[in-house]
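Colleague: The chain contents come next:
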Amino acid sequence: MIDFEPTQEQKEAIDIAHEFAEELFRPVSRYYDEHEHESPRELIDKTWGERNKGTLALGLDVTACLRIEELCWGDAGLFLCVPGPGLGGAAIFASGTKEQLSRFLGHFNEGDPKWGAMAMTEPGCGSDTSAITATATRDGAEWVLNGEKIFVTWGKRAAENPGGLVVVWATVDKSAGRAGMKSFVVPAGTPGMRVEKLEKKLGIRASDTATIIFDNCHIPFENILGSPEVKKVDKGETKGFKGAMATFDATRPVVAAMAIGVGRAALDFIKETLRKQGIQIRYGVPRQKLTVLERDIMEMEANYKAAKLLTLRALWMMSQFQPNNLEASMAKAKAGLAVTKITQKAVEIMGPLGYSRKYLLEKWMRDAKINDIFEGTGQINMLIVARRILDYSRDQLR
Amino acid sequence: MISFSPTEEQQMIVSMAKQFASGEMRKIYRQCDENGAIPEGVIDTAWKMGLTSSSIPEEYGGPGGEHSAITGSLIAEELAWGDLSMAMHILCPALFAYPILEMGTESQRKKYLPLFSDEKYKAATSGLIEPRFGFDPYSLSTTARLDGNEYVLNGEKCYVPLAAEADLLLVYAAEDGTSHAFIVERDTKGLEIGEREKNMGIRALTTYELSLKNCHVPKENLLGDPRGYDFNRIMNCSRVALSAMAVGVAKAAMEYSRDYAKERVAFGEPIGSRQTVAFMLAEMAIEIDATRLMTWEAAWKLDRKEEATKEASLVKTYADDMVLMVTDRGVQILGGHGYVREHPVELWLRNGRGFATFDGMAIV
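Same order as they appear, the protein sequences are chains V and P. Residue 0 is where the first sequence starts when you use numbering that gives the first Met the number 0, and the numbers rise one by one after that. Residue 0 is where the second sequence starts when you use numbering that gives the first Met the number 0, and the numbers rise one by one after that.
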């Protein structure tokens with residue numbers, strides 16, 4: 000039955016997350032935006048505790064994403080400091096064995112805060128993940144990793160804090176192209192893995208975005224996710240690469256959920272400001288009678304709704320074990336662009352209140368933009384949607 | 000619990016409507032548009048499927064199915080995918096029957112609903128839109144004045160579908176500035192049906208101007224008792240229904256231009272293998288899905304009898320823009336071929352342009 004009502008449990012999850020967003024995130028939002036690379040210790044400890052109690056469990060399901068929207072309504076940069084297996088965990092969930100799941104993620108509910116990260120992007124390759132040059136060489140019972148990874152979200156925290164992990168994408172056979180691409184789990188503190196630098200960014204400044212160097216980094220053979228065999232299945236499509244893509248089907252709706260949280264923060268701010276001014280948005284009034292302001296706000300709200308519903312659908316499909324590759328990309332493409340536009344328009348509408356660092360709106364505009372970039376740019380997601388609806392392979396539609 | 004899966008019963012109805020749309024409507028829609036007429040046979044076939052009558056309660060001679068805006072939206076999308084003129088013609092009796100079903104007094108329900116439980120198509124309609132700039136359904140120029148035991152109606156209406164064919168009309172008029180609905184029978188003195196309108200699109204659907212000159216109707220023809228009547232809900236049903244139909248029209252244009260883009264070769268490759276065309280199609284597909292989901296959400300609110308003005312008006316406006324963007328690109332992807340009437344995309348653009356004008360189409 001078509002239904003848009005969250006369960007009682009989900010409503011409570013939303014309320015709790017919203018309270019954290021208001022009380023724990025918002026008060027320090029500006030501070031950590033202006034003190035880049037400083038760690039929000041209190042927020043990390045608190046959210047880690049709540050996560051392990053289950054009150055702030057963050058995964059890939061509908062409930063978790065309803066929480067994520069609220070937390071990112073609070074602050075998307077600070078949300079990216081919340082400990083947990085993160086994208087590294089998502090990759091392990093997507094292609095790890097049961098044994099690997101318990102070995103790598105079993106300890107993620109105890110002890111000190113821990114993070115998981117995924118290292119895919121390199122200086123020479125972004126969206127074209129098949130062009131990866133990092134290598135993994137077999138050496139007896141070990142793999143030896145070499146290469147440079149950039150833009151690793153949670154990179155420093157995952158690589159340096161005990162118990163953390165980084166999932167690294169590397170090729171075991173350059174001549175095999177996509178078929179040679181595999182993912183490996185590198186536990187935090189493994190010799191040969193080091194954080195080279197932290198990026199200074201436009202937004203989400205509280206989030207650490209690291210460059211990680213792998214220099215003869217030895218890991219156990221069993222740390223490969225999926226099969227070590229290089230096997231051409233058909234025309235360049237391989238299991239290893241499919242593992243990466245399956246991860247994206249799961250994580251893209253999550254990023255879309257983050258995006259809509261930021262978009263809603265901006266919308267709520269505008270509506271609250273207008274309410275204080277006694278300005279009402281008149282829904283249901285014919286279009287030619289609306290003010291430009293009303294038309295703008297309605298368009299922003301509709302776009303927020305469109306993005307949110309596409310996101311919920313992609314997540315719901317995943318919960319039903321239905322393939323959601325097309326729908327995940329639709330949600331991500333729409334949400335990334337929608338909130339970029341919503342927040343930019345919001346700054347315009349609010350005038351001096353929008354541009355000033357006295358308020359958070361200008362920050363949300365800077366934060367929002369990342370959602371149109373990471374986990375696949377808007378353009379890559381459009382390309383995936385186009386391929387799916389046209390039924391074209393990557394060779395037929397480049 | 001959040002879910003995007005229609006019920007089994009809804010899936011059955013959808014597949015029936017889909018089959019009818021592709022098997023019957025799509026075979027004749029171009030010819031209907033050119034001739035400005037729809038063969039009676041196809042309307043009767045559609046009526047027999049019970050799309051409108053199925054939710055009429057047993058006590059009024061109907062099958063007593065559930066009346067649901069979600070089900071109505073699913074049906075409206077499929078039929079509009081087949082052809083918008085025919086979809087509106089097929090569903091037109093609901094413009095009269097559904098407000099009576101939902102809000103009518105017991106005697107109005109008893110008197111009128113059995114007429115729609117018949118095997119044969121029963122033409123009935125409603126008149127809301129007025130032929131003037133700045134038309135606003137909440138501020139109608141057509142007036143109703145109580146005079147003893149009768150209401151006296153005065154004013155002009157336009158875009159009244161099937162007005163000449165219908166025996167029963169629901170006319171919207173303002174009484175002391177508030178929009179109310181009045182049941183007007185075809186032969187009422189003072190009701191004049193004008194010439195058939197000539198429109199840019201929906202050319203197969205007959206629509207008329209109509210004028211009410213001191214048109215007297217009995218007092219009990221005021222729809223509902225004042226408490227049961229909810230004009231805003233009728234408007235919201237219209238917004239949802241039109242959004243669903245916009246999705247259907249847009250889907251037709253997207254699918255056709257997508258298939259064309261895979262066939263048409265330029266510079267040695269199908270034009271669909273160029274990002275400039277492929278990205279247009281991707282955006283069309285995303286916006287169609289987004290609009291459908293927003294339509295469902297607004298319909299869901301209506302089914303729960305919740306206030307849905309915000310959701311319904313947001314999606315209607317979004318759908319107006321979406322269907323124009325999508326159908327325009329449908330023409331654009333076909334280029335010169337899209338402009339000639341040999342292909343259907345120009346028809347969908349003409350039909351799609353109408354959504355910003357259409358109002359009062361409460362057929363869900």
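By construction, these hints were calculated from the structure, which means they are not laboratory data. Mixed in with the good hints there might be a few duds.
[To be verified] Chain P side only, calculated, beta carbon under 8 Å to chain V, not exhaustive:
{"no.": "1", "residue": "C31"}
{"no.": "2", "residue": "E65"}
{"no.": "3", "residue": "H66"}
{"no.": "4", "residue": "I69"}
{"no.": "5", "residue": "M199"}
{"no.": "6", "residue": "K309"}
[Said to hold, decoys possible] Reference listing, derived: stretches of chain P covered by chain V, where coverage requires no fewer than 3 residues with Cβ under 8 Å from a Cβ of chain V:
{"no.": "7", "stretch": "84-97"}
{"no.": "8", "stretch": "167-175"}
Ideal placement from N, C-alpha and C gives every residue a C-beta, glycine not left out.
Colleague: Hint by hint, note whether the structure agrees.
Modeller: Now the hints, each set against the structure:
1. C31: violated (29 Å)
2. E65: With a minimum Cβ separation of about 11 Å from chain V (threshold 8 Å), the hint on E65(P) is violated.
3. H66: violated (15 Å)
4. I69: holds (5 Å)
5. M199: violated (18 Å)
6. K309: holds (5 Å)
7. 84-97: Answer violated; 0 residues pass the 8 Å Cβ test.
8. 167-175: violated (count 0)
In this structure, the hints that do not hold are numbers 1, 2, 3, 5, 7 and 8, in rising order.
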